[in-house]
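Based on the provided sequences and hints, a complete structural model is requested.
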Amino acid sequence: MMLDLTVKLNQVASIILPKNLPSGSVSSTPTFSTSSSDQALPTPDRQSHTKDILDYRQSTNDSDIVKDLAKTDSDVSTTVSSYLAVANTKMAFVCNDISGAVDRNAQALVNQILLNLTTTLDYSSGFTGDKSLESYNALLRYQILVSGACCGELIQDKKVALNVLSDFRLVNPDSLEWYEKTVGRLTPVQKSSDGSDIDLDIPTFFYSSHHQDPNSAYAVSPFVSVINSIYARKRIIEDLYRMMSINGYPRIKIKVLEETIMKYAPEEVKRGDQVKKQNYLQSYINVIQNAYSNVKSDQPLVFTDSYDVDVLETKGVLSLDITPIISILNSQNQTALKIVGTILGRGENGVNTASAETRVFLKNVEDLNSTVARLWSQALTFALRLSGSSSYVKVFFEKPSFNSEVEDAPKKVVNQSILQKDLSLGIITDDEYCLAMWGRLSLPNAPVLSGTGFLDSKGLTEVVNTPNDPKGQPDSYQRSGDPDSSNVSNDNNVK
Numbered sequence: 002m003m004l005d006l007t008v009k010l011n012q013v014a015s016i017i018l019p020k021n022l023p024s025g026s027v028s029s030t031p032t033f034s035t036s037s038s039d040q041a042l043p044t045p046d047r048q049s050h051t052k053d054i055l056d057y058r059q060s061t062n063d064s065d066i067v068k069d070l071a072k073t074d075s076d077v078s079t080t081v082s083s084y085l086a087v088a089n090t091k092m093a094f095v096c097n098d099i100s101g102a103v104d105r106n107a108q109a110l111v112n113q114i115l116l117n118l119t120t121t122l123d124y125s126s127g128f129t130g131d132k133s134l135e136s137y138n139a140l141l142r143y144q145i146l147v148s149g150a151c152c153g154e155l156i157q158d159k160k161v162a163l164n165v166l167s168d169f170r171l172v173n174p175d176s177l178e179w180y181e182k183t184v185g186r187l188t189p190v191q192k193s194s195d196g197s198d199i200d201l202d203i204p205t206f207f208y209s210s211h212h213q214d215p216n217s218a219y220a221v222s223p224f225v226s227v228i229n230s231i232y233a234r235k236r237i238i239e240d241l242y243r244m245m246s247i248n249g250y251p252r253i254k255i256k257v258l259e260e261t262i263m264k265y266a267p268e269e270v271k272r273g274d275q276v277k278k279q280n281y282l283q284s285y286i287n288v289i290q291n292a293y294s295n296v297k298s299d300q301p302l303v304f305t306d307s308y309d310v311d312v313l314e315t316k317g318v319l320s321l322d323i324t325p326i327i328s329i330l331n332s333q334n335q336t337a338l339k340i341v342g343t344i345l346g347r348g349e350n351g352v353n354t355a356s357a358e359t360r361v362f363l364k365n366v367e368d369l370n371s372t373v374a375r376l377w378s379q380a381l382t383f384a385l386r387l388s389g390s391s392s393y394v395k396v397f398f399e400k401p402s403f404n405s406e407v408e409d410a411p412k413k414v415v416n417q418s419i420l421q422k423d424l425s426l427g428i429i430t431d432d433e434y435c436l437a438m439w440g441r442l443s444l445p446n447a448p449v450l451s452g453t454g455f456l457d458s459k460g461l462t463e464v465v466n467t468p469n470d471p472k473g474q475p476d477s478y479q480r481s482g483d484p485d486s487s488n489v490s491n492d493n494n495v496k
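Take any residue in the sequence shown, count from 1 to its spot, add 1: that is its number in the working numbering.
To be clear, the hints were calculated from the coordinates, so they are not data collected in a lab. It is possible that part of the hints are untrue.
Said to hold, decoys possible - Below, in silico cross-link-like pairs of lysine-lysine (DSS-like), each with a Cα-Cα straight-line distance of 30 Å or less:
| # | residue 1 | residue 2 |
| --- | --- | --- |
| 1 | Lys339 | Lys364 |
| 2 | Lys264 | Lys277 |
| 3 | Lys72 | Lys264 |
| 4 | Lys364 | Lys132 |
In structure tokens form, the structure reads like this:
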């Protein structure tokens, strides 16, 4: 029975690598075109202030609208920027073998793989853009926010070395079309900028979606739900601007005295018919209107007794209070954007509500980072196994926080105390302790502490001074005994 189980485990754990890797890149970028590769890329000329909201909304799909709002709308732009800033935490990884133990040799290989991907290896080709890990992660997070997924391709450069992955190219998720030629297996095809199809059913292409509908092959931006409320608010504000430009400010009122004008009219006009008199009067009105249409507020007015000048007041025209409507739309925007109200400048909730909003926002940021981590886990595991290892890579990010390092110090001290106790009892290994505390493995020459009981009862009585405990008051364990005698270690409560 044991032999059969071993055979089955070996079959499950077998890894089948591709026979050949694509030479160079397969995917395309949104800006590349074979017909205009020798021409400069066009500079974006958005002119968002000249666009009519309703027309743009009717002629553009959801994905393009979210991308446009991320650049032009104050709420969406602030939300995207806040997500990117808060999610910018340190990335770490751990390599485990099939049994789950830490594989130090694989850890060193992955470090070398990341070094190849994030540094320039071939300087003979000219200019190289930013390839830092921070830049990759920021772009992947941006892809998730505006498209609902992130994806990329590992690129082999045979000029550097065979089977050495030297670059990682991001692929626009919105350019993908999915096919299900066999049940349960989706394959991607990319639509290039010139309209051609690029088959991305290759082992070096990786895809990770964020809160995707399980019944759909296509990911959706988490901000699609904000489109209607944003455009409703913009429509109301635009209408308000129109009302204010027409009725919101005092205007000049000119009363033309027809009798006075006709009194000084030429004789041929006086003797003419009614049409001729009306034309003369209209021409006089046009002259007056043109003279006062561009008058400045500090400019003196000079006029004759043929017309009277006064100020037209528009009292009561803007008596409608739209504050409740705008407030409701702002709340809808905040809910759809999954953001804290304080970040958008609307921190009007109580302490409990604000605390709950902050916790939910930080959880959303963690989910954002976990989507990026899944993509890197796939890509780095493939690169590791390509080198002959059977281990796998698990990527993770430090938890985001609104607090500074000094403010988070008490929490870190408490967490460290708990982990040290588990380490002393042998519940966790030295590597697990270092990964939890510092995001790396333990030092090679460091003594092994797991299960040694180094943290005896005396160690529990040590006092750690924190900003909340400036005088170093003894903890509950010390208060249970005499701190100046050895009776503390013999106390049952300490044990």
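Structure-based check of all given hints:
no.	hint	result
1	Lys339 with Lys364	10 Å, holds
2	Lys264 with Lys277	15 Å, holds
3	Lys72 with Lys264	62 Å, violated
4	Lys364 with Lys132	28 Å, holds
Of the hints listed earlier, the one the structure fails to meet is number 3.
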